[in-house]
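Asks: Sequence:
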Amino acid sequence: MKRVSVFLTALVCTLVWHSGFAAEDESELETIVVTASRLHRSAAELTQSVTTIERTKIDARQFANVTELLRQIAGINVIQQGGRGGVTSVVLRGGEPNFTVVLIDGIKVNDSTNTRGGSYDFSYLDLVSVDHVEIIRGPMSAVHGSDALAGVINIVTRSPDDGAQVRAEVGGHGLRSGRVALGGNVGKVTGTIALRTLTEDGDIDRAGYDDWGLDGSLSMKLGTSGETGLQLRYQDANSTSFPEDSGGPHFAVLRDVDQRAIEESHARLYLNHAIGSAWKSRLAVSRYERREDASSPGIAPGIFDGVPPNSADTVFSRDQVSFVLSRNLGGSVAVVVGGEWQNEDGRSTGILDFGFPLPTDFRLKRETLSAFTEVEYSFKAVQLLASLRWDDPDDTFDEASAQFGAVYTLPEKGGALRLNWSEGFKAPSFFALGHPLVGNADLVSETATSFDVGYRRSIGTSKLIELSVYRNEFENLVDFDPMLFTNVNRSKVVTEGVELVLQWLITSSVNLDLHVTYADSDIRDSDATLRSRPKWRGGVSVDWRINDQWLFAANFLALDNFSEVSIPTGGVYLDGYQRLDVALSYDINDRFRVGVAIDNALDENYFEVVGFPAAGMRGRVNMTYQF
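To convert, take the position in the sequence shown, counting from 1, and add 25; that gives this note's numbering.
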């Protein structure tokens with residue numbers, strides 16, 4: 026049944042394509058992508074596979090959180106440990122969760138001290154403050170340095186309109202959220218500030234979560250060609266959940282839950298300015314800091330050895346200074362040159378309780394100097410792009426990353442062929458290097474190479490179809506060796522797949538997005554199966570402007586079976602599932618909107634992690650008022 030649903034999704038796409046897209050609309054599909062290249066190009070001009078979800082779609086479809094939004098993206102599989110508060114990760118094109126760089130307003134938020142090797146926990150990200158999301162698939166170290174083996178996800182927060190905005194939402198599972206935002210300008214100065222809060226109550230079978238946060242920005246125009254600004258973000262959160270791999274509410278022998286307290290902040294100061302009539306410059310200084318106080322009851326032994334009770338207090342910070350120069354050399358050549366300094370500092374104070382406290386303290390620092398360049402050359406219907414980057418972490422080893430791509434616009438067809446070759450690396454995480462029990466100071470960087478070919482066609486301004494075929498090779502993967510009881514570099518993984526994306530503004534009032542993904546992941550020289558890699562997945566999102574006041578939306582997702590593992594059960598296969606979310610909103614006037622949504626409207630009973638049931642059907646009610 027699950028495969029049938031995905032097949033039907035692909036069939037709908039094919040039929041739509043052959044129908045010729047009879048309707049036309051003036052809405053724009055193309056937006057500028059700032060993450061894939063420092064040249065700031067639209068998706069049609071890029072050699073990589075890129076998806077952007079704009080605020081208009083986020084508002085229309087009333088996604089419950091960032092997790093539900095990412096589920097509707099080709100090439101992404103979400104792993105959510107039960108309800109809100111459980112660790113939530115993404116697998117991008119078969120890569121490990123820590124192979125994806127996550128940016129918030131351009132600031133990297135991956136934490137090198139955590140036990141997951143630096144992967145970002147999306148359960149702590151509130152969708153209400155998000156303006157749009159950019160997803161770039163494939164290694165991106167030539168642009169973003171370490172960690173970008175599978176791709177990049179850039180979360181861009183929203184700036185309030187002039188005046189004040191209030192938003193509130195309540196719903197099942199104890200959901201209560203609110204946001205108050207204020208924005209305005211005086212002359213050349215623009216300022217914004219927003220306060221947000223969110224709570225989801227839990228019990229012994231359900232994760233619990235609460236947070237509050239503050240976002241702010243200040244910018245000022247400098248003449249006709251410059252701008253300076255400051256961006257601030259702060260978040261304080263607490264969560265509870267059964268430990269990872271514990272078997273969750275269904276299989277965990279120990280019934281206490283993990284307790285985590287997170288404090289996260291970042292700040293960024295930037296200056297954009299033209300140098301003469303040809304060069305443009307950008308200077309940015311940023312700091313990211315994350316503090317986590319975590320305690321766990323441990324995991325009782327099962328098929329695999331258990332984990333003793335443990336606790337850890339960690340602090341991680343990343344300071345960055347970057348300078349970029351860009352110039353168009355005539356009409357056919359554009360060039361970017363720049364450099365970056367980065368300093369990472371991570372420390373952890375913790376214990377493992379074996380009946381006696383065993384300290385697990387460690388502290389590491391890493392300073393990295395980087396230089397990079399990008400060159401774009403266009404002639405007739407061909408556009409070529411080359412990106413090179415050199416990273417030197419603490420003079421211990423050098424990493425050179427490259428990316429080459431081309432876009433060929435097909436004459437009289439309204440489409441384009443693109444191809445892209447890229448490579449990436451991931452420096453060993455502080456946890457993998459420095460943990461006193463399992464750390465290995467001799468680890469080398471994990472690496473990736475990728476080849477991606479695609480076809481993209483737009484019809485008018487309202488229809489877009491994109492087909493991508495890719496192959497990734499990940500080498501020197503960090504793995505735990507139980508015989509040596511330490512981390513080692515040993516694994517090689519190959520992922521291959523096909524992605525089909527359709528965006529169609531069917532009429533002036535109906536908008537449809539469809540995606541289908543086939544992905545195959547293989548651990549070379551091993552019979553083991555990678556976790557959370559369904560071969561087939563697909564989904565459809567639609568929003569329908571019924572009239573000037575009413576707006577209906579629906580999001581459907583279907584997945585194939587996939588492999589998972591826990592300490593109590595060992596390796597198992599979890600059933601694929603289907604999920605439907607629906608929403609309805611009503612514009613009382615041009616300032617006041619109310620909405621209702623039903624998550625998991627079919628009340629599907631499914632698992633993404635062994636023993637952790639996904640949340641059942643839930644209703645939500647929300648309102649937004651613009652003063």
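Hints should not be assumed to be uniformly reliable.
Only pairs whose alpha carbons sit at most 27 Å apart, straight line, appear in this in silico DSSO-like list of lysine-lysine [stated by the list, open to error]:
{"hint": "1", "residue 1": "K517", "residue 2": "K560"}
{"hint": "2", "residue 1": "K305", "residue 2": "K438"}
{"hint": "3", "residue 1": "K390", "residue 2": "K438"}
{"hint": "4", "residue 1": "K82", "residue 2": "K213"}
{"hint": "5", "residue 1": "K438", "residue 2": "K405"}
{"hint": "6", "residue 1": "K305", "residue 2": "K246"}
I should point out that these hints are in silico values taken from the structure, not numbers from a laboratory. Note that the coordinates shown come from a computational prediction; the quantities given were computed from them, not determined experimentally.
Asks: Run every hint past the structure and note whether it holds.
Replies: Verification of the supplied hints:
1. For the given pair, K517 sits about 19 Å from K560 by alpha-carbon distance, which is consistent with the 27 Å threshold.
2. With a CA separation close to 35 Å, the supplied pair K305 and K438 exceeds the 27 Å bound.
3. Restraint check for K390 and K438: the C-alpha separation of about 53 Å exceeds 27 Å, so the hint is violated.
4. As the CA atoms of K82 and K213 are separated by approximately 30 Å, the hinted pair breaks the 27 Å bound.
5. Distance check on the hinted pair: K438 and K405 sit about 15 Å apart at the alpha-carbon level, within 27 Å; holds.
6. A threshold of 27 Å between alpha carbons decides the hint, and for K305 with K246 the separation of about 15 Å falls inside it, so the pair holds.
In this structure, the earlier hints numbered 2, 3 and 4 are contradicted, and the remaining ones agree with it.
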